[in-house]
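Novice: Sequence:
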Amino acid sequence: FVNKFVDYRVKYEESDNPVVRSARLLTDKVQDIFGGLFTRTELSEVLTEIVKMDPNFCKEQFLKDCERDIIPNVLEAMVRGDLEILQDWCYEAPFNILATPIRQAQQLGYKFDSCILDIENVDLAMGKMMEQGPVLVITFTSQQILVVRDAKGTVVEGDPDKVMRIMYVWVLCRDQTELDPKAAWRLLELSKLGSRATGLLG
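The opening position of the sequence shown corresponds to residue 1 in our numbering, with each subsequent residue numbered one higher.
Quick caveat, the hints were computed from the structure, so don't treat them as lab data.
Among the clues, some could well be false.
Simulated restraints, written as ranges between beta carbons of each label pair [unchecked claim]:
{"id": "1", "residue 1": "Ala183", "residue 2": "Glu120", "range": "32 to 38 Å"}
{"id": "2", "residue 1": "Val51", "residue 2": "Asp161", "range": "44 to 50 Å"}
{"id": "3", "residue 1": "Pro55", "residue 2": "Thr154", "range": "14 to 20 Å"}
{"id": "4", "residue 1": "Ala151", "residue 2": "Leu117", "range": "25 to 31 Å"}
{"id": "5", "residue 1": "Ala197", "residue 2": "Glu67", "range": "21 to 27 Å"}
{"id": "6", "residue 1": "Thr48", "residue 2": "Val156", "range": "45 to 51 Å"}
{"id": "7", "residue 1": "Lys162", "residue 2": "Ile85", "range": "24 to 30 Å"}
{"id": "8", "residue 1": "Glu84", "residue 2": "Thr154", "range": "23 to 29 Å"}
{"id": "9", "residue 1": "Cys115", "residue 2": "Lys152", "range": "18 to 24 Å"}
In this text, a Cβ means the ideal position worked out from N, Cα and C, and glycines have one as well.
Kindly produce the complete structure, drawing on both the sequences and the hints.
Specialist: In structure tokens form, the structure reads like this:
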């Protein structure tokens, strides 16, 4: 996985897409995550702590909730430039990083015309107890079309006919004050490990 990460990193750093660009700031943090900040042995301890807060917690159900609810909500908001939804699902630091290029694009009169086609391979990679609460690291792959248009509808970034396959690492933290388990998980860190075109539509 770490070797793959290095390969993705090279391709990733060559990207000029503004929708992608902001996540570069987070890649160093992801290296910290894989560089020993988290260890697999902690995962069982973290899951035990979560069950203390939420006796009904189940790892398999959590991953289903990620796939059906958490990931689509956050990803759709990211690719559509919906700051209000992002603010609901993100802690302040990731929100600020995601919001900056969206606000810049909106100031230029650009519109996000992107969509999520598929989310797959959702996996629970690691866990850690942090001061904010229990933290779970998930990885997944998304197929999406990334397009930014100007006020006249002309494509300024991306390709409406090209499907991009993007691998993500997300760090989710459980808000200990939130009683509803589906609303309790929020994004603490995120990064893309790379993206590549998988084919053309049409």
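Novice: For each hint, tell me whether it holds in the structure or not.
Specialist: We went through each hint and held it up to the structure:
1. Ala183 / Glu120: 32 to 38 Å: Given range 32 to 38 Å: violated, Cβ gap about 24 Å.
2. Val51 / Asp161: 44 to 50 Å: holds, 46 Å
3. Pro55 / Thr154: 14 to 20 Å: 54 Å Cβ-Cβ, so the 14 to 20 Å window is violated.
4. Ala151 / Leu117: 25 to 31 Å: holds, 26 Å
5. Ala197 / Glu67: 21 to 27 Å: For Ala197 and Glu67 the Cβ distance comes to about 23 Å; the hint holds.
6. Thr48 / Val156: 45 to 51 Å: For Thr48 and Val156 the Cβ distance comes to about 49 Å; the hint holds.
7. Lys162 / Ile85: 24 to 30 Å: Holds - the Cβ-Cβ distance for Lys162 and Ile85, about 25 Å, lies within 24 to 30 Å.
8. Glu84 / Thr154: 23 to 29 Å: holds, 27 Å
9. Cys115 / Lys152: 18 to 24 Å: Given about 20 Å between the Cβ atoms, the range holds.
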